[in-house]
Structure formats: structure tokens, C-alpha cells
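J.: Chains as they are written, first to last, in the numbering used here: chain A, 1 to 370; chain B, 1 to 504.
In short, the hints are calculated from the structure, not lab data.
Beta carbons are placed, not taken as given, at the ideal position from N, Cα and C, and that holds for glycine.
Any given hint might turn out to be false.
What the simulated footprint calls covered on chain B by chain A, stretch by stretch (three residues with Cβ under 8 Å from a Cβ of chain A suffice, anywhere in the stretch; the number is not a length) [as the list claims (entries may be wrong)]:
1. 64 to 78
2. 155 to 165
3. 381 to 389
4. 397 to 404
5. 422 to 433
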Amino acid sequence: MPLDIERDQRRFREIVRGRLRKNLRKYVTQGEMMGRKGKDLVSIPIPSLDVPRFRFGDNGAGGVGTGDGEEGQPVGKGGQPQGGPGEAGSDPGSEHFMEVDVSLDELAEILGDELELPRIQPKGDANLQDEKAKYDSIRSTGPESLRHKKRTYLKALKRQISTGEYTASDPRVVPIKSDKQYRSWSTVQHPEVNAVIIYVMDVSGSMTDDQKEIVRTEAFWIDTWLGSQYQGLEKRYIIHDAVAKEVDEHTFYHTRESGGTRISSAYKVCADLIEKQFPPADWNIYVFQFSDGDNWGEDNEKAFSQLGERILPHVNLYAYGQVESPYGSGEFLGRLKSRFGENHEAIVTSEIEDKDAIYESIKTFLGKGK
Amino acid sequence: MPISELAPLPVELQEWQEKIEKLAAGHGLDFFPTIFEMVPADRLNEIAAKGGFPVRYPHWRFGMEYEKLGKGYHYGLQKIYELVINNDPCYAYLMASNEMVDQKLVMAHVYGHCDFFKCNAWFGHTNRKMMDQMANHGARIRRYMDEVGVEPVEEFIDACLSIEDLIDIHSPFIKRRADKHDNGENKHSPPKPARFDSKEYLDPFVNPKAEYKRNNAEDNPQPQRLPERPERDVMLFLLEQAPLNAWQADVLSIIRDEAYYFAPQGQTKIMNEGWASYWHSKMMTTQIASAAEIVQFADHHSGTVASSGGSLNPYKLGIELFRDIEDRWNRGAYGKEYEDCDDYAERQDWDRELGEGRDKIFEVRRVHNDLTFIDSFLTLDFVRQHKLFKFGYNPGTEYYEIETRAFPQVKQQLLANLTNLGRPQIAVVDGNYKNRGELYLEHEYTGVELQTNYAQDTLRNLHRLWTRPVHIATILDETQTVISFDGGEVSVDQGDDVDPDDDD
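Using the sequences and the hints, build the whole thing.
T.: What follows is the structure in C-alpha cells.
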């Protein structure tokens, strides 16, 4: 008899995806998901996918428990009432939300659909092929280091049994040369289109944790989307105040410096990085810069010439996000626009006042389809 | 499910089944024929997700349940040992990966359940051919899905499920009224009293209220309320009165039938599990388990009846109460003479050697449900011995805290938790509220508030069935409150005079 459970499961997942779409803006802006990210899966809390019923409030009801303890001793945290037998008799699991696993690819697809993001046409050499060795076959010759012990043993065992050499009381199996089996590989060619995201962030004193949280949330979605568009995605992180350096991801989000801001220093590190490690002919390059827009006035000109000469010609996209800080928003965005024009081909800018603006900002950044 | 589709048990288990069945019968257990099937974990999860009925109608929540069970099993957090279906014959599923000692334990346990299903009075009116009925329900719902589409049907089921616990669990025993739900037969439309057209400000003069009422009474000598008395079977009321088309009415009646089928299981959880645990442990320790298996049995048994983190395990409470009853009736430790004795030592040593324990527990399992079971047999001594306490929520600390160990309060709390399966008691008091065809429900407040966000969502679903504004009267913050949903917005009206009799 065919069971319907798979159909039910499919329906459930459809509904989950529907909820996800409906609440995507909330998920995008609240950054809830980043802590829940596994290798390929994101675990997402879906609010109350149970059937609503008239029920008692969690915080009014009491129950009966068992064990030692004085009066007044806590037995459970609010919101997670201990199941008295009344509870135990009723339906299990009336949580307020449940966690469902969604693959990053699926998430990217939902994001793409909801934000109406255009698919990216990778630039550069589409014929770039990568060769990979795939160990997928067995041969009777090969280097000893690739000998397949189990297969060799089995073959020797078969041979000994069929020739009557094998005795159960003395189960010795000795392979001879013709028994030996070796792993072998075939070469698979597949087009490899690589991309690198270079994140640049101002970590001077005026960038607070709130702003960094915004940056982090945006970066999560940018990663998710671009990751779904390219087979290989590298990420690099540059922080700067008056001086700049390349750091790892953790440091990127957890560094706070005092002192001034010199954006040109970051552009220099960024440009060097591109020249040394990511030849633009082979790479799709994305630069996302986040700052509160404060820069030392005399630095702007230097910064723009770095950007214009050494970065813009090589990148698919240069995105500048100006995050509003408690000290107000700086002038860099305005300067940038007047220097390169409102509609520069590779530049996209966005002003992010608060978390609620993240959604639109991502749409702006990724909406160019580059 | 036709028996032909069940895979036969392995020979060794078959032999054990015969043996255990004989042992169970020898103890006086009385059960329907019981059919075991051994299934792998994911199949058991499938069946459990469908509430025990693989043939049940399709619905997304079964898929959700399946995911949860599958995940729990995969991470080793939980596994289902057994599943038994109240049906004639009884169907029981064994988990294939269980060890032999567990299979024996489970089989002994299952015979306890099967006896309970057959003999307990609260199951007296349940459908014993539920496997067939569920298949029938499944077929009907699938047909509607083919006819009007999966989503409309599934969403309608969602709405029905929202009120599936609004049934009158005692109605199978007490016929309060004929519960025909043929559309139209009971349809009630009181004749409208004649009114003269008038401007609003002239209305009191053109249609004087007293005259209007008098006329109304003459035209309609027995002004019928709808419902005449508060109706706890809200599902039935909707079946009779809500503007449902044919497939919707049928779906609602299916959900209602299933709710009535499952209700006795909820009413007897402590007893049923206690009874089954009592018998598996008796048979295992004295007759089934080999010396080598007894430690493993003890380990698994104590796992089942363990109480953790202060919460009360119904298996444990049930088995201990049955043992306590057996012991007391063996010793004659009950009745006036015993109750009046306040010498602790004398009570401890009380033994009239009546030996009535066995008969008594069989009687108890026949006539009681959890509520009356606890009410009749939970004693002060028992509460002390098992260190029971009442806990409550302390808003100051946001923790649940032990409130008291005093016997009357502990017992009262337990009874309160068991009343109406631990759910709020709600009835339709007016199906023509404000004379505008609105639905007015009333929550019988017992000191615990409704959870408002759930109440609001439930009203939304109720509105999908009733299609006119719906209200529920309850008490929030010690104030009379009416939560309403008119199809657009939820409103919460506090403190006003909300007498439903005030029909304008």
C-alpha cells in the first residue's frame, strides 16, 4: 500500500517555503539565520506552524511534579512549562516555533525570487576548464599506494575458494600478483567560473557594533546569493581605520579601532590583493565596502584615484554601503557619486539607515545582475 | 489494513507472542485478537506520524510530524518502541531494530493496552473498526482534493483542526439531544417580527420597544435561542448551523469523528499507560525475562517510567497508583475504619488479609478514567511517598516554582490539569449574537487564562467556517473580555458589559 507520508512531507515543505517567502524580509533584516548556519544548511525557526487552538497560557497554569526540593525552588523556566499529566495527555510539541533545515541553494533561490534578482552572467573566459581527478574505477595495475586492499582480499579469497586452496580451519588468504586491484581515476573536465568577494569595512571608532551587525547581515545574504551563482567563491576581508590590512572573517567582524579613517589605505590593500591573487581575466571580482562615510577630507582624492584606476576597471561590481552611525552619516557617499557620476557602470551604492533598510539595500546591490 | 499485507513475524517472535498472549490471558486480561507487525524505524515513524493509521487522510501536519520523529530518531534523541491501535483486531507495531528483550517487553505491554481498550468503559463507544473507517475517511478526502484541489481542502482541514478539541467528550454517554447534522433539518430561522420603516431618531416612537417585544412574543410564542442550551460540541453546532457546502460539511464531520475516536485515549492516558506498564513489568519479572535479560529489562523499564526534571511521568504515576490500590485492597487498608485511624504505625502495619487487590484493580481499570482515578485513589500517603508537589508560575522570577506539597492542593492541581483533557472548556452560547448571525462562544474561566495569540488565530480559523463575526468571552487580567474577529481585524474588548443575553 503506498503511504502518503512523502506527499505529506512535501506539502509540509512547500508550506515552510511559503512561510519563508512571506517572512523573508523579516529574516533578511533580523540576521536570525547566521548563527544557525551549517555547512550547506540553514536552520530556520518557522513561527508556530502548529494548528492554533484555544489553550491555556503558558504562564498562568501550574502543574504537579515529583521529586525533592523546597517550596519556592524553581523547576522550569517560563515559556517551557513542565508537562503535568494534563499536558502529557494532550498533543506533544506545541512549541511556538519549530526549526526547519533549508539548504543554502534553496534559500538563495527564494531570495532571488523575492528580490527579483537577475541571474549573473559571469564575465571572463567561459571556456576556462578545470581538470579534476575522480577516483571512480578499478584496474589490475597501478602504484602500490593505490592498492585497494578490500577488493584485493576478496579476489584472493574467491580464487582460493574456487581452486580449493581455502580451508575454513586455517583461513589464510594470500594474494598473488593477479589478485591485486588498484584504484584508478578518470579526468573530468568541468567549467570553473570563479568569483571572489572582497569585503572592506571601516572599523574606526565611529562604527559601532550595531553597524557591524548590519554589515554582517548583508554579507550573509550577499554570500548566499553569489555563492549560488558561482561554483567557486572566495572571500577576503579588509579592515581599515587610518591604515588597512587583510584579516580573516572573525577578525573582520570583531575588531574595533579608535582613530581616524583613511579609505585610500583600504583601496590600496584591495588593489594589491586583486593584482597579486585574482587576475581579473580569470576572476569575477566583487568589492563590497561598508563605512559610515567619514573620511579624512584630504584623503578622498587619493582614494578616488586608487578606486578609479586600480579597482573599478577590474571588478564586476563595486558596491558601497553607507551605514548610518550614531555620529551621523558622512560625506563619502556624496563625494563618490559626484566623482564617478550617478550611473557608473560598475558602481552601486546604498544608504543603510537601520536594519530595516537591509532588504532594499541587498536588492540594490545585487539587482544589477553583475 | 488487510492482514494479508502484514509481514509475518520472525519465528522466534511468533513463539514469544503465543507464549505472552497465553500468559496475559492467564492473568485475566481480556483483549481483542492482536496482530503484530515488525517494521523498520522509518516506517514506524510514518505510522506514528499518522496517529497510528497509515491509511489516514493526507495532510501536511503528518509530514511535519514525520520530519520531527525522523530527526529525533536520527540524532538518537528518541525512538518509538511500540505503537498499538485501538481496533478489533488490535494492531501493534514493533520496531525492527529492538533487541529481543525489548520486543518481549513491548508485547507484554501491548496486551495490557489491548485489554484496556477492550474493557475500559470510556472506550465503550469508540469505533472498533477504525482502521476501515480511517481508510474510508482518507478516500473521501482524497476525492475532494481531486475535485476542488489540494490546497482548499487542506486549508479547510486546518480550520477544522483548530476546533477539533471543541467537542463534548461525554456526549457518547449522555444523549443531551438528537445530534442529527443533516443540513437543513434542524435549520432554525425565527420569523422576523414586523417593524415599520422609520428614521433612526423616530424608531423608538414608531416601533416602541415594549410593543415590539410583546408582538415578538405573540408571533413567536417560544422564543428559541440558538443553541437552546450552551453547546459544548462546537463542531456539531457548526455542522448543523454553519453555511458549509457538501464537501466541507463532510470534511468537518470526518475531523469530528476522529476527534471522538481519540478522546478516550486522552482521557485515560495515565491509567492506560499505568495498566500496560503494570502488566509488562509483572510478566517480565516473573515469567518472561531470562536471568540474563533481567538487568536490561530493569534498565529499559526504569527508562520508561523515569521522572525527569521534576515533571510527572504518566506511566510512573499510573503504575504506582495501580500497585498502591492492589496493596491497599490486599491489606484492607481502605474504608471508614482505616480512614479514621490516625496512628501512623498502625496504618503502616494495617493488614486484614483480604486479598482483594487483584479484583479491585480490574474493577478500577473497567470503570474509571484519569480524572476519577486520581480523584478516588490519590491519597495523602501516596503523595508523600512519591514526593509530589504543586508548581506554579512566578512572574517575578519567570520560573516555575514549587508552590506546595500540601495534599489537597496537589490533588486539586492534578485534577484541574486533567479536567477536559487539560484544555479550556468552551461552549457556544449564541449562534445569532446581536441578532446578526454572529457566533458567540464562552470560555468557562477556572482561574487560568487563555493564551491570547492562540485564541486570536483560532478565531480566524473559526471565522472561515462560520463566515460571520465570531467572539469568545473569557477573562483576562481578571476582567471580563471578549475577543472578536470580524474577518478583518481582531479586537479585544475589555470591561464592557458583555452579557450575551443582551440581544438588543
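J.: Taking the hints in turn, state whether each one holds.
T.: Hints and how they fare:
no.: 1; hint: 64 to 78; in the structure: holds (count 4)
no.: 2; hint: 155 to 165; in the structure: holds (count 6)
no.: 3; hint: 381 to 389; in the structure: holds (count 4)
no.: 4; hint: 397 to 404; in the structure: holds (count 8)
no.: 5; hint: 422 to 433; in the structure: holds (count 4)
When the structure is compared with the earlier hints, no violation turns up for any of them.
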